[in-house]
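Trainee: First to last, the sequence lines map onto chains A and B.
Quick note: the first sequence uses the working numbering, first residue 72, plus one each step.
Quick note: the second sequence uses the working numbering, first residue 4, plus one each step.
Keep in mind that the hints were calculated from the coordinates and are not lab data.
Backbone N, C-alpha and C define an ideal beta-carbon position, used for all residues, glycine too.
It is possible that part of the hints are untrue.
So the derived label-pair ranges between C-beta atoms look like this [said to hold, decoys possible]: (1) B/Val63 <-> A/Asp108: 45 to 53 Å; (2) A/Asn127 <-> B/Ser35: 20 to 28 Å; (3) A/Leu208 <-> B/Pro53: 34 to 42 Å.
Listing some non-contacts, in silico: residues in chain B with all C-beta distances to chain A over 12 Å [to be verified]: (4) Leu39; (5) Val60; (6) Ser70; (7) Gln121.
Selected chain A positions facing chain B (Cβ under 8 Å, derived; list incomplete) [said to hold, decoys possible]: (8) Ala91; (9) Ala94; (10) Glu107; (11) Leu110; (12) Phe114; (13) Gly171; (14) Leu174.
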Amino acid sequence: MAAKLRYEDVQELYREHGAALLAYAAALLGESAAAEDVLHQVFLKLLGGRFGPPSNARPYLFRAVRNTALNFRRSRARDVSLNEDQLQWLVRPAEAVDAGLALQQALRELPIEQREVVVMHVWGAMTLEEIAKVLELSANTVASRYRYGLRKLREIMQGPRGAPGAEVNDGGE
Amino acid sequence: MMDPEMMDPEMKDPDQEDREFEAYLRSFQPRSPRPLPGRGKLLVLRWRGPAIATAAVAAVLILALLSLRHATGPAPSNVARVETPRTTNISIAEQVSLGRLSVLANQDPARLEAQLDQVSSKLLPDVRSGHGVLKTLSAE
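Looking at chain A on its own, in the form it has when it is part of the complex (with noise of 0.2 Å):
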């Protein structure tokens, strides 16, 4: 951490991780719009220069962000309650906004920790032990949670309505 990041740098770093970022963001706080201020809040930070330029971005924004996620939620001092949130912070092209929106809807029924090891390996792009850096867990842990909460999030999508593959499939390219 030496010299301040130029404002093109903080921009260069916003378009790169800005999307995984929100989406970790959201999976903490349950509101895109606070993801979103979060995020903001984070990279305004970098801009007003109270941190030098991180040696290795991608782990130290998610960190970043999760330590003023956690931050926001105590300030306001509630619950995550998601379910008014209809606002989506993940879609896929050509496809109609109901399967993100479930999607989000089965990560929410997900523990807390194991949604953002989900998260942050699934759409973030981090590696297990990144993410274990991230946390400060180890890396048996962090790929406990994650390999837990995978199954249970395709538990919770394929449920009622079917077979395993036939949902994964149905979703699919």
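For this one, chain A is given, so just place chain B on it according to the hints.
Mentor: Okay, now just chain B, sitting in the frame of chain A:
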């Protein structure tokens, strides 16, 4: 990826079902967030906090000065008036000092008596005055 040595044996080879489901999840993409504010708005955001704080401090200072001025009132003429009785008191105190009275008692007792009369008329309340405290109390 993580070191395979650290992984649970079950984790080393995720089953096909998990892979397919992962692929399904990855077919969704996170939505892009709204753009960051431009440089101009950023400057406003950056200086908005300090500007508000400065304005608040200035307002508090102005209010403090105004209330102080109100409490003190117009001062110069009153100050002069306060100084006068203080000078008189010092003069009376000098007149009734133990040393001075002792000298007078030795040298001129009659003058001592006159001196005490003079001092007491200045220091003690005038019971004969129409507006004196004793007169008022006796009237009640």
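Trainee: Among all the numbered hints in the text so far, which are the ones the structure does not match?
Mentor: Hint check: 1 and 4 fail, others pass.
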